[in-house]
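S.K.: Chain by chain, the residues run as shown.
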Amino acid sequence: MEYLSANKILVVDLTSAEVTDDELSDELVREKIGGAAVAKHLYEQHADGDPIVIGTGLLTGTLFPAAAAGVITAKSPVTGKISHCPITLKVGLEIQYAGFDYIVIKGKSPEPAFLWIHDGVADISSAADVWGKNVWETTDTWRKVMGDDLIQTIVIGKAGEDQSELAQVCYNYWASGDRWGFGKNFGAKNLKGLAFRGMGLLEMADAEEFVELALDVLEEVKEGEFVGKKGIGDICTAIGEADIDTWLAPIVHRHSACYNTPYATNTFVFLDEDAQKMSEPEHSEPGFLITDIFGLIGFKKMGISAVEACNLLKACAKYGIDAAAVAELSLATGKKTLAEIQGSFATLVGAVTRPGSGIFSPWCPNQPLFGKFDDAGDDPTAWWERRMAVASIFGIHPIFSVMSPEITEDDLLEIATVGTEVELSQDTLDNAVNYLLK
Amino acid sequence: MALKIDALKCTGCMACEMACGYHRDDGFALLSSCIVAYRTKEKKDYFGVILKREEDLLIARPEGTEIKRIGETEETPAAGKQQDASAKPMLLREACDLCEEMDLGPMCIKFCPFDAISED
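Protein chains in written order, with the working numbering: chain A, 1 to 438; chain B, 1001 to 1120.
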């Protein structure tokens, strides 16, 4: 695959410490397009190694609006299904430019290990020094050891190491869309995580046409209903949790967006300093970036303050545990304080609500946000699953995909064809979506 | 014409950096951009944009915009560790030419989803 691709699929066997790479063939792209559909194909190809597959969408890291997302595909220990978790923030971008389109991780390392993926090179490195450390300490350690503060990480904390079914992989320091217990999959492989850094170049078959099409779509997107809204608070309002916004407002510092995403889906709150202060904070860790809508809503339901709720989100992210699940189980057992809840992390078990069919992460709201989607009315579940499938194939931010009807399947197919010279039709996309949903 | 950056509108999405990279390399890459999102202080949520111009650096921080001569800031190797730019020091990057040979105009303005960059 010559365009929009590093043309490499990395296969890592942790048992034998063997690292190989294959080409990404045009035939595979012509059949599955990219992202979650290719990742599922690779999962099935290497199923005997109980793989975790990490990949990018066909447009990830380009100038197409919201082309931020990568994907983690594995068998969920809580649903038993092959499930997909979006990779957001700047992590999907960094994977794209680190030199591999897909990474298949199979087997089990005899000792704690992590993968250092950089500029087309993949190293299996010892994680002995960070095993037992929390998510924040681990990312800090890797950035310091490698001497680069822009390294992006996918990492587990204590929950993953202990193979809790509530374990969540985290991105850098923050919660992810992993509601599938993928942190347990990492722990079972003795895999602390992955660190990415890359300076690659993505070429396009027709660069000028690609960029003009991307700009046309962006201009349409910027007329969307979401314009003027920002952050987690407005998303909560859109899904009927209107009081979150005012409850959170006093500690909101700034909102930030994932790579090239026209809506700032992330909200940073200050817990130790004045949130209105815009100069560089004095504390090295003044607050927390909220990336998890339902974790926040869950803690709010306990009747605690926004500061207490966000301190709980922070504790969950450090431990690498699914905050929405923690909130649901803690509410059921009447635990409320940080000490009580944090103290229960190691033993927390129980059935947790995960809306949907277990394929795409319910981390993303399952309804249109702000915008009106003509096709969302008849069967909202089917609409949401298709929207998730298409976003995961092309690398579109899943939350943005449910707030911007301006991003259409026609646009995605057209620009992908222009960018790759691989003819991609609606039938191809329908087949890839059906393959993911079956 | 010059560029003006409103750091408080900026969400750190890096679209400007990629758009500039496309202008330089005719592909998607970040190594040659003259506009860079600085994002190394992630746990502090302290981010903004640095633009390399012919004579100086325009640094759009949340608390305000600052202009520094190249070599005077921590964003350049002159102060030792490069802290806030990307993998390639700002000193080694080409200065902004406002995408003068491109019909689309300054690419960073066109592709900023939040209209944080404008003409001054």
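These aren't lab readings, by the way, just hints derived from the structure by calculation. Check the hints yourself; a few may be wrong.
[What the hints assert, rightly or not] If you want the footprint, here are the derived chain B segments under chain A, 3+ residues with CB under 8 Å:
#1 1010-1022
#2 1049-1059
#3 1108-1114
[To be verified] As a list, the in silico EDC-like pairs of lysine to aspartate or glutamate whose alpha-carbon atoms are at most 20 Å apart:
#4 B:Lys-1044 to A:Asp-272
#5 A:Lys-438 to A:Glu-137
#6 B:Lys-1041 to A:Glu-44
#7 A:Lys-75 to A:Glu-282
#8 B:Lys-1044 to A:Glu-282
#9 B:Lys-1044 to A:Glu-308
#10 B:Lys-1041 to A:Glu-208
#11 B:Lys-1041 to A:Glu-282
#12 B:Lys-1110 to A:Glu-44
#13 B:Lys-1041 to A:Glu-280
#14 B:Lys-1088 to A:Glu-385
#15 B:Lys-1110 to A:Glu-223
#16 B:Lys-1110 to A:Glu-220
#17 B:Lys-1041 to A:Asp-272
#18 B:Lys-1044 to A:Glu-137
#19 A:Lys-277 to B:Glu-1063
We put the CB at the ideal spot given by N, CA and C, even for glycine.
S.K.: Each of the hints needs a verdict: does it hold here or not?
M.R.: Comparing the hints with the structure gives:
1. For the region 1010-1022 of chain B, the assignment as covered by chain A holds, since 8 residues bring a beta-carbon within under 8 Å of that chain's beta-carbons and 3 suffice.
2. Remark: the region 1049-1059 of chain B is not confirmed as covered by chain A, as 0 of its residues place a Cβ nearer than 8 Å to a Cβ of that chain, below the required three.
3. Against chain A, the region 1108-1114 of chain B contributes 4 residues with a C-beta closer than 8 Å to a partner C-beta. That satisfies the three-residue criterion, and the hint holds.
4. For the given pair, Lys-1044 of chain B sits about 11 Å from Asp-272 of chain A by alpha-carbon distance, which is consistent with the 20 Å threshold.
5. With a CA separation close to 40 Å, the supplied pair Lys-438 of chain A and Glu-137 of chain A exceeds the 20 Å bound.
6. Taken as a hint, the Lys-1041 of chain B and Glu-44 of chain A pair is broken in the structure, with Cα atoms around 40 Å apart against an allowance of 20 Å.
7. Our distance criterion of 20 Å between C-alpha atoms is broken by Lys-75 of chain A and Glu-282 of chain A, whose separation comes to about 43 Å.
8. Proximity of Lys-1044 of chain B to Glu-282 of chain A is assessed by CA-CA distance (about 9 Å); at most 20 Å being required, the pair is judged to hold.
9. Between Lys-1044 of chain B and Glu-308 of chain A the CA atoms are separated by roughly 19 Å; this keeps the pair inside 20 Å, and the hint holds.
10. For the given pair, Lys-1041 of chain B sits about 35 Å from Glu-208 of chain A by alpha-carbon distance, which is inconsistent with the 20 Å threshold.
11. For the hint linking Lys-1041 of chain B to Glu-282 of chain A, the alpha-carbon distance of about 12 Å falls within 20 Å, and the restraint holds.
12. For a cut-off of 20 Å, the pair hint linking Lys-1110 of chain B to Glu-44 of chain A is broken: about 42 Å separates their Cα positions.
13. Restraint check: the Cα-Cα separation between Lys-1041 of chain B and Glu-280 of chain A comes to about 9 Å, which is no more than 20 Å; the hinted pair holds.
14. A distance of roughly 41 Å separates the Cα atoms of Lys-1088 of chain B and Glu-385 of chain A; the hinted pair therefore is violated under the 20 Å criterion.
15. A hinted pair counts as satisfied when its Cα atoms are at most 20 Å apart, and Lys-1110 of chain B with Glu-223 of chain A qualifies at roughly 14 Å.
16. For a cut-off of 20 Å, the pair hint linking Lys-1110 of chain B to Glu-220 of chain A stands: about 13 Å separates their Cα positions.
17. Annotation: proposed proximity of Lys-1041 of chain B to Asp-272 of chain A holds, straight-line Cα distance about 16 Å (limit 20 Å).
18. At most 20 Å may separate the alpha-carbon atoms for a hinted pair to count; Lys-1044 of chain B and Glu-137 of chain A meet this at roughly 15 Å.
19. Proposed proximity of Lys-277 of chain A and Glu-1063 of chain B is supported: the alpha carbons are some 8 Å apart, at most 20 Å.
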